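Fit chain B to the given chain A structure using the hints.
Which chain is which? The protein sequence lines are A and B, in order. Residues in the first sequence are numbered from 1 upward in steps of one, following the working numbering. Residues in the second sequence are numbered from 364 upward in steps of one, following the working numbering.
Calculated from the structure, these hints are not laboratory results. Some hints could be false.
[To be verified] If the Cβ cut is set under 7 Å, some of the chain A residues that face chain B in the computed set are:
(1) H3
(2) L12
(3) K15
(4) G36
(5) G90
(6) R94
(7) S117
(8) L119
(9) H193
(10) S247
(11) N255
(12) Q259
If you're wondering where the values come from, they're calculated on a predicted model, not measured in any experiment. All residues carry an ideal CB built from backbone N, CA and C; glycine is no exception.
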Amino acid sequence: MKHVDEYRNKALIEKLAALIKRAASRSYIFMEVCGGHTAAIHRFGIPSLLPDNVRLLSGPGCPVCVTNNSFIDKAIAYSKMEDVIITTFGDLIRIPGSSSSLEKEKARGADIRIVFSGLEALEIAKSGSDKKVIFLGIGFETTAPGTAVTIKEAADVGIENFYVLSAHKVMPPAMETIIKEGIALDGFICPGHVAAITGSSAFSFIADKYRLGCVITGFEPVDILQAIYMLINQVNNDSPSAEIQYSRAVTRQGNVIAQRLIYEVFILSDEQWRGLGVIPASGLTLRKEYGRYDAESSIPLPPSVNVYEEHALCICGEILRGLKIPPDCRLFAGTCVPQNPVGACMVSNEGACNTYYKYRRNE
Amino acid sequence: MCLSIPAKVVEINGNIAEVSVGGTIFKAGLQLVENVEIGDYILLHTGFAIQKVSEKEALETLKLLTEMENAMNQETSDEAC
Chain A
1 MKHVDEYRNK
11 ALIEKLAALI
21 KRAASRSYIF
31 MEVCGGHTAA
41 IHRFGIPSLL
51 PDNVRLLSGP
61 GCPVCVTNNS
71 FIDKAIAYSK
81 MEDVIITTFG
91 DLIRIPGSSS
101 SLEKEKARGA
111 DIRIVFSGLE
121 ALEIAKSGSD
131 KKVIFLGIGF
141 ETTAPGTAVT
151 IKEAADVGIE
161 NFYVLSAHKV
171 MPPAMETIIK
181 EGIALDGFIC
191 PGHVAAITGS
201 SAFSFIADKY
211 RLGCVITGFE
221 PVDILQAIYM
231 LINQVNNDSP
241 SAEIQYSRAV
251 TRQGNVIAQR
261 LIYEVFILSD
271 EQWRGLGVIP
281 ASGLTLRKEY
291 GRYDAESSIP
301 LPPSVNVYEE
311 HALCICGEIL
321 RGLKIPPDCR
331 LFAGTCVPQN
341 PVGACMVSNE
351 GACNTYYKYR
361 RNE
Chain B
364 MCLSIPAKVV
374 EINGNIAEVS
384 VGGTIFKAGL
394 QLVENVEIGD
404 YILLHTGFAI
414 QKVSEKEALE
424 TLKLLTEMEN
434 AMNQETSDEA
444 C
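The shape of chain A in the complex, shown without the other chains (with noise of 0.2 Å):
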């Protein structure tokens, strides 16, 4: 397939390796805080061309991971009511809450549906069904546009029956707090696809302000190995800055019009991080404007929802700020498997625990 083959060449792949090798005169740290980077750095086998000195980490990139327990608490409860419709990306389905799943509840009889976008589940609420149409609306700045879409036109065509609750959130604020939690980094690999929505610009604070590397960074190997290079001449050069690996997509300004939607349907808030805490302004809340389309303004839930219990024993908190590894958890591929999650991480495809236990687990 164009824009991909070209990136998984062998002989480039074995150069690149090379590269690294020999410009790796220290120690590096480097951090990769999207879950697609997560789950190809794994699947491509990319820590095995790595010398030892090249350690990678994964950070809280994966969307479905950092959304805590108290926002699937808040699903499950509405789609126990009568008159209403749950529509969901699907990897949120399986998210363990506080003492279900939107999957156990699917299971019993719940109007749960499975959608790949926003405009699918406008689409339901179109099709004249009298039932509330709520869509979860989860994930970075890639797809919270796709969102602000979905509602601007619910709003011009006019349906009644449609409802967001919204978990979206923007990546560079955990990036800074994972940086002040005070981890061991030189820099980081950053979010291709978040960046080409938001631009590299982003991201030149941490170079900046912090003095961390980064890249801005595609998902196939060359990719990822090109950007591991970059990151440690910004290191050995002392050069920090956000840099661009992956320039087929990505630009310093971003996607302009992407970044105008987001900002007229949705405002900044604080928002809750599994694993993270509260991070302030790294959550999109509707604006008042589009007050009638947030599901948690217009459908009160009864007060009891917001129990908000995590598995005593699950470190899905500390793997997300980068301060344990998937094989520290004790729970990790005995208790908690794909098949039967525990934490977030071990469900998402692009979860730490879930691509560890994939293709690593037997190390």
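Then chain B, alone, in the frame of chain A:
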């Protein structure tokens, strides 16, 4: 969720394109991108085209990588001497 796939635009009807990922056809909303034409590649993410893939930049990256590879081969053969 973070997965966005390069997809080739094969048909455009108003704000919706049909795009091909290795022969499988998906729908992609075009509300977030401008000047998309049939034959262009876009990044498909949760039902929307989130960005056009720049052919020019893709070729630049590959050229740079090939140059790096050649330079390294040159260096290696110099070392062998």
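Query raised in the report: Checking against the hints above, which ones are violated?
Result: Violated hints: 5, 6, 12; rest satisfied.
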